[in-house]
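Number of protein chains: 2
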Amino acid sequence: MLHPAKRGRVTLLTNARILTMDADMTEIERGWIRIDGDRITALGTGTPDDITGATDMGGDLVMPGMVNPHSHIAMTLFRGLGEDVDDRLFRYILPLERECVTADAVSTGARLATLELIRGGVTTVADMYYFEAEIGRAVADAGIRGVVGQTLGNFDAPDHDSFDQAFALTDALVDEFRNHPRVTPSIAPHAPYSTGPEIMARVARWAADNPGVPVQMHLGETDGENDWSREHGGTPVEITDRAGLLIPGLIAAHCLHVSDSDISLMAERGVGVAHNARANGKGGRGIAPVTEMRGAGIPVGISTDGPMSSNTLDLFSQFAPVSMFQKLRGHSRKPMPSRDVIRMASIEGAQVLGMADRIGSLEVGKQADLIRISLDDPRLQPVYDIYSTLVFAAGPSDIRATMVAGEWLMQDRQMITLETARIMSDARQVAHTFGAKIAEIDRRST
Amino acid sequence: MLHPAKRGRVTLLTNARILTMDADMTEIERGWIRIDGDRITALGTGTPDDITGATDMGGDLVMPGMVNPHSHIAMTLFRGLGEDVDDRLFRYILPLERECVTADAVSTGARLATLELIRGGVTTVADMYYFEAEIGRAVADAGIRGVVGQTLGNFDAPDHDSFDQAFALTDALVDEFRNHPRVTPSIAPHAPYSTGPEIMARVARWAADNPGVPVQMHLGETDGENDWSREHGGTPVEITDRAGLLIPGLIAAHCLHVSDSDISLMAERGVGVAHNARANGKGGRGIAPVTEMRGAGIPVGISTDGPMSSNTLDLFSQFAPVSMFQKLRGHSRKPMPSRDVIRMASIEGAQVLGMADRIGSLEVGKQADLIRISLDDPRLQPVYDIYSTLVFAAGPSDIRATMVAGEWLMQDRQMITLETARIMSDARQVAHTFGAKIAEIDRRST
Chain A
1 MLHPAKRGRV TLLTNARILT MDADMTEIER GWIRIDGDRI TALGTGTPDD ITGATDMGGD
61 LVMPGMVNPH SHIAMTLFRG LGEDVDDRLF RYILPLEREC VTADAVSTGA RLATLELIRG
121 GVTTVADMYY FEAEIGRAVA DAGIRGVVGQ TLGNFDAPDH DSFDQAFALT DALVDEFRNH
181 PRVTPSIAPH APYSTGPEIM ARVARWAADN PGVPVQMHLG ETDGENDWSR EHGGTPVEIT
241 DRAGLLIPGL IAAHCLHVSD SDISLMAERG VGVAHNARAN GKGGRGIAPV TEMRGAGIPV
301 GISTDGPMSS NTLDLFSQFA PVSMFQKLRG HSRKPMPSRD VIRMASIEGA QVLGMADRIG
361 SLEVGKQADL IRISLDDPRL QPVYDIYSTL VFAAGPSDIR ATMVAGEWLM QDRQMITLET
421 ARIMSDARQV AHTFGAKIAE IDRRST
Chain B
1 MLHPAKRGRV TLLTNARILT MDADMTEIER GWIRIDGDRI TALGTGTPDD ITGATDMGGD
61 LVMPGMVNPH SHIAMTLFRG LGEDVDDRLF RYILPLEREC VTADAVSTGA RLATLELIRG
121 GVTTVADMYY FEAEIGRAVA DAGIRGVVGQ TLGNFDAPDH DSFDQAFALT DALVDEFRNH
181 PRVTPSIAPH APYSTGPEIM ARVARWAADN PGVPVQMHLG ETDGENDWSR EHGGTPVEIT
241 DRAGLLIPGL IAAHCLHVSD SDISLMAERG VGVAHNARAN GKGGRGIAPV TEMRGAGIPV
301 GISTDGPMSS NTLDLFSQFA PVSMFQKLRG HSRKPMPSRD VIRMASIEGA QVLGMADRIG
361 SLEVGKQADL IRISLDDPRL QPVYDIYSTL VFAAGPSDIR ATMVAGEWLM QDRQMITLET
421 ARIMSDARQV AHTFGAKIAE IDRRST
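If you're matching them up, the sequences are chains A and B in order.
The opening position of the first sequence corresponds to residue 1 in full-length UniProt numbering, with each subsequent residue numbered one higher.
The opening position of the second sequence corresponds to residue 1 in full-length UniProt numbering, with each subsequent residue numbered one higher.
In case anyone wonders, no lab produced these hints; they're calculated from the structure.
Some hints here could point you the wrong way.
What the hints assert, rightly or not - Here chain A is said to cover these stretches of chain B; the calculated rule only asks that three of the stretch's residues, wherever they fall, bring their Cβ under 8 Å from a Cβ of chain A:
1) 77-89
2) 108-117
3) 283-292
4) 421-431
To be verified - A short list of chain A residues far from chain B (calculated; beta carbon distances all over 10 Å):
5) Arg-9
6) Thr-41
7) Gly-44
8) Gly-46
9) Arg-98
10) Glu-99
11) Asp-156
12) Arg-178
13) Pro-181
14) Arg-202
15) Arg-205
16) Ile-247
17) Ser-259
Backbone N, C-alpha and C fix where the C-beta goes; we use that ideal spot for every residue, glycine too.
All chains should be modelled from the sequences, with the hints used to inform the complete structure.
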């Protein structure tokens, strides 16, 4: 997996317009990047002294690969299902997950997702689902980077009947990926209401015993969660804190229903937030107080949630909603400028995942996770403000090449690590089974 | 312009997945469409008896070309300018329009726009701007369909110093395009507050004298407009009605600030609405009551506004906001289902423009304005609900071919009627001048 033979290989990219996303937001109008093995070892303006074996970027934009800090990637297979109905969780999702989600289906869905992620410029994804080892293997095989979290919940999960079993699955996941260079195993209690204070406390103890294994959880997402937490005498954030799980590095997804004092507490504890603008918007759930959370110093990344919630896994589809939602809340054009959106999609997302020392910006010493974006489409021209171009005009199809850890995963939109035709055919086959199941559900309920 | 030699030509499209968008929302899983000259003369399921000279659509989706009922297409040249600042109108737009917007610049911007429209699947656009004859010529040359409206306003307009002059420009526009098969001349009073009751009354009289020439106007868009209308003793809609301009077929753009009684009045008068979700969201202005307007029977189309307001001219970038905004308002997943979004983008947009007898659906006797969409990208698979796929996963790059009035304007993403390289190079040159002007404005104001 480490490709030891390739470790000494040097890749030199020249004639690139570079957004480094470093602390100074350094931009290089025409520059170059040198990559030794999996790391960036030099970058600069103009042309380097020695351009032996250089790859000319043709003036295209080169920026850090994007970070998607919350998803359920195998749910590509549920994309577009149960739209526009309020009872989708009980009507569609739970029956489908109980009856159709097998290790094989998860593997197929995750492999379809890795195609989409690479083609959409996402180089690191955080996932929480079932049969999570399958997700880890799909991520490993695709060549991208992932934080893969085994979900623990008190409902009929497709891969465990008890919390004990879920902890055992998590232990096995950690064992399998402990030393993987790109796949980070993780533990993912589903949500406060679906695990409860005791299990949250147990997860906190487990996390203390497993340093370096991130914890992911849905937090402050639904109205039902608010009702549950009121009965338990606090906000979801407060109850999580009392259980000892509001720990540094917690990856908290959604945080739609958080009060000002919740925000202060989250900032104090060192929690990171994965913001799911489209999923929250499509669910009619509301707009998260992203401006306030970031103002309090909480890192907030841009995530997609699962494709049953917001349909796609690239971040482009989230950008305009992320910006517009805060502008609508503030009744002004000023909140959430495009520069900030792109920071959230790169270095801030890396901070949420505790990986900002390795990824999220193009800097010497960091991993060579980068994307090449063509600005040639008429839809993108002219470019006065590159961040605005990326946020409000670009799309996944403008990604021309994707590199992770110094390896090209896509060039000129041709996949390198993945067999597109086989993955698509497998996915269509599973979707056919799911389609029959849905027809059955619809027949039963009419 | 009529290509008389081609009038007898027959085009037969086979092996297509067809969304007709007719009154019954008829869908054909595998079917064909016969086109004689500029019109659809037959369509059906399976394979036609005679397939001589047929073009195989390879199972791709074929649907009506989309209708964008409100834009300022020449403003492609301002795309991405003045983002994230509240005083953009006075700081950037007005000085730029006064000093930089010439007939040549309008022509260049409009030609860049037609590239983007064809590539994004928009076959009919309604525009209101200055030097509108240039827009009409660009639309005519590109082969798309347009409603081109000369703007009349009481501010320093780049092409007129008085309303008399603006009416004269409109008369000339009507003369030039009166008999054009695809370009419909139009009159476009800027807004109630920027024309005033007397000029609105004069436009109403002018419109009565020029039957078949549609009237376009911004209505109920800004907070400032509300302040103005309060001083005039009514809502913007009421003041427009009192001036006699709330006439059948009025194309009212935005309608963000409309009361329940305004909506009843608009429905009674037979007004159509162009909804600019992204422009309103990016401006932090609010969410239009689209659910209520449609509920009252008002046709509502999906439009982009100018590229300085929402950056792109294709409707895909509007779809998710259009749906999400209504779901957020309703605090439910149910409002604005994907089927309705696609209706608004096609037949309902055609109704807004008064063209539903000719375009907006694929039916025998209608104009052959259609688009071919590939569903092959991993991002679009699987497809359980084709409307959801279009609204929440597809993008302009999935458009494979575009036809207007029986003529292919793009095939396999290759432009047929337009010279991409020349248009792009012209646009870059003008953008360079604009960039220098902006730098000057920024220097002056610091």
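The hints, checked one at a time:
Under a criterion of three residues with beta carbons nearer than 8 Å to beta carbons of chain A, the stated coverage of the region 77-89 of chain B is upheld, 9 such residues being counted. A stretch counts as covered by a chain when three or more of its residues have a beta carbon under 8 Å from one of that chain; for the region 108-117 of chain B and chain A the count is 3, and the coverage holds. Residues of the region 283-292 of chain B lying with their CB closer than 8 Å to a CB of chain A number 5, which satisfies the three-residue condition for coverage. Here the region 421-431 of chain B counts 5 residues with a CB under 8 Å from a CB of chain A, which clears the bar of 3, and the coverage holds.
With a closest Cβ-Cβ approach of about 29 Å to chain B, A/Arg-9 is found to remain outside the 10 Å limit, as its non-interface label requires. Distance check on A/Thr-41: its Cβ is at least 33 Å (rounded) from any Cβ of chain B, clearing the 10 Å threshold; non-interface status holds. Separation of A/Gly-44 from chain B is adequate, the least Cβ-Cβ distance of about 25 Å exceeding the 10 Å criterion. Once the 10 Å rule is applied to beta carbons, A/Gly-46 is consistent with being away from chain B; the minimum gap is 22 Å.
Every beta carbon of chain B lies more than 10 Å from that of A/Arg-98, the smallest distance being close to 19 Å; the non-interface claim holds. The claim that A/Glu-99 is not at the interface with chain B holds, since no C-beta of that chain comes within 10 Å of its own (minimum 16 Å). Distance to chain B confirms A/Asp-156 as a non-interface residue, since its nearest Cβ pair spans about 23 Å, more than 10 Å. With a least beta-carbon separation of about 30 Å from chain B, A/Arg-178 lies farther than 10 Å from that chain, consistent with its non-interface assignment.
Every C-beta of chain B lies more than 10 Å from that of A/Pro-181, the closest at about 25 Å, which supports listing it as non-interface. Residue-level check passed: A/Arg-202 sits 34 Å from the nearest beta carbon of chain B, beyond 10 Å. With a cut of 10 Å on Cβ distances, A/Arg-205 stays outside the contact zone with chain B, its closest approach being about 38 Å. Residue-level check passed: A/Ile-247 sits 32 Å from the nearest beta carbon of chain B, beyond 10 Å.
A/Ser-259, annotated as away from the interface, keeps every beta carbon of chain B farther than 10 Å; the closest lies near 19 Å.
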